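Chemist: Going down the list, the protein sequences come from chains A and B. Numbered according to the numbering used here, the first sequence spans residues 7 to 218. Numbered according to the numbering used here, the second sequence spans residues -17 to 134.
Quick caveat, the hints were computed from the structure, so don't treat them as lab data. Being a predicted model, the structure only gives us computed values, none of them experimental. Using N, Cα and C, we set each Cβ at its ideal position, and we do this for glycine too.
If you only want the chain B side, here are some residues facing chain A, beta carbon under 10 Å, derived:
| id | residue |
| --- | --- |
| 1 | S20 |
| 2 | V28 |
| 3 | V29 |
| 4 | L31 |
| 5 | A61 |
| 6 | K67 |
| 7 | G68 |
| 8 | I73 |
| 9 | G74 |
Computed cross-link-like contacts, EDC-like style, restricted to lysine to aspartate or glutamate with a CA-CA straight-line distance of at most 20 Å:
| id | chain 1 | residue 1 | chain 2 | residue 2 |
| --- | --- | --- | --- | --- |
| 10 | B | K112 | B | E37 |
| 11 | A | K148 | B | E23 |
| 12 | A | K51 | B | E19 |
| 13 | A | K148 | B | D7 |
| 14 | A | K51 | B | D18 |
| 15 | A | K51 | B | E23 |
In silico negatives: residues of chain B with every beta carbon more than 12 Å from chain A:
| id | residue |
| --- | --- |
| 16 | T(-13) |
| 17 | R(-9) |
| 18 | L(-7) |
| 19 | I(-6) |
| 20 | L47 |
| 21 | V49 |
| 22 | E50 |
| 23 | Q51 |
| 24 | N93 |
| 25 | K99 |
| 26 | E116 |
| 27 | F126 |
| 28 | R129 |
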Amino acid sequence: MAGGEVLRQNLPEKLEESPSGANELHVLAVDDSLVDRKVIERLLKISSCKVTVVESGTRALQYLGLDGDKKSSIGFDSVKVNLIMTDYSMPGMTGYDLLKKIKESSVFREIPVVIMSSENILTRIDRCLEEGAEDFLLKPVKLSDVRRLKDFIMKGEVKEGEKRCCKRSRSEDCSPSPMTHPCDSSLLSSLSSSSVLSPLSPSTLSSKKSRL
Amino acid sequence: MDVVTQMQRQLIQYTSSLFQEGFLDDQFNQLQQLQDESNPEFVVEVVTLFFEDAERLLNELSKSLQVEQESIDFRRVDAHVHQLKGSSSSIGAQRVQRVCIAFRNFCEQQNVEGCLKSLQEIKQEYSLVKTKLETLFKMEKQLFAARGSISR
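With the rest of the complex left out, here is chain B:
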């Protein structure tokens, strides 16, 4: 029983820290509200879709910015960032979303350096939030398993 309580506490603390550090915002709570016994994996499913979407978009962004500066298609870059901003906002990945906003401004200004800097930042923030969410899901899974083994 102690172990389970400890795990519960750790999970709560970890989740809390993600909110405090701005990795997640209220939209993540909204998603959790949509999860229930009929859809017990909903949050993991949506977040997984986000990971796939984000990785695809980051690839596209890297490709679009790796060309000769004069031939950068800012509209295309902006379109990708807009999509990433949208999906990160939909799962509550606040820090990723914020960098997207800055990135879009650079696109509008056709500021190449700004764009390249933003791309690096986004990759970092994405990598961070991905690791954190994967940790969170792992903790949930372990807690669930621990609870299950006790109730038997």
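Just chain A, with the same shape it has in the complex:
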């Protein structure tokens, strides 16, 4: 497993290259409602994202290769997902359960997970954020939500590439990657307030709530 992790960190940018060469966000959307799947797929496509839509948490794990099949658990060259958006209330595995499984995975825990719910329940929101959810969206999800999310994730992806470069340069030789950015101490401190990698502190939680 350690070998797989080192290999993963040495990979170039996670952004999916579309045939045209432009960097495209690949989003995995999970929802048990047919109507909502159709809407979220369209919202994401119109926002120039590559979309994979599945109907359950189980299917999502299968897609990611996290369903216990040892062969696919080191999935560094199979599936590249930049964001997971999941409904909260689903039969069987809830969005919360899925979130937990993803955060438990050494391979996928860094992927931002956004929870969508029709119910504005504060304890639910807190639970999800505490478990590492990037954001909590109230349904019905709007185009403005997706755009805001996309901008945020795109910025995060660029910063992640830079942060990985900094991490490597501290502990081992930094081999040149296709997109090498100069590392900046101010960049690192601003990174600690984004939730993608750092554990959630009370201040991060309150800044999330204010965004809601």
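Dock chain B against the given chain A, drawing on the hints supplied.
Modeler: Coordinates of chain B only, in the frame set by chain A:
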């Protein structure tokens, strides 16, 4: 040309009335924003999925409530209503969504009469919004056809 303008006006007025009477809310506008030349039938497609989903759920609800009162599975009923609330909200069917909210409260209270009343209301509201949306789509289609025949 006159005919087309008239049809356009009627369509605008009709659509407007649906919003005014609360049948539709802003989410319907959101859906229209997602429609373009590459996806010209998007709204009709989503609404059609909603119709199918709603009819399935209304059937399930009727079945779940037709049993002996003591054996009503309120959790199951609530789960169905929750789904219907979700999909109606996703297309902007505001009045249906509102009845779903009331319905869920009755489920929570395990109030059989309330549930039965809500079910009737939902069926009515669903039937109304379905008719109205079908009319709307028909008007759009006719307008589109009329425009098309003129530009030739």
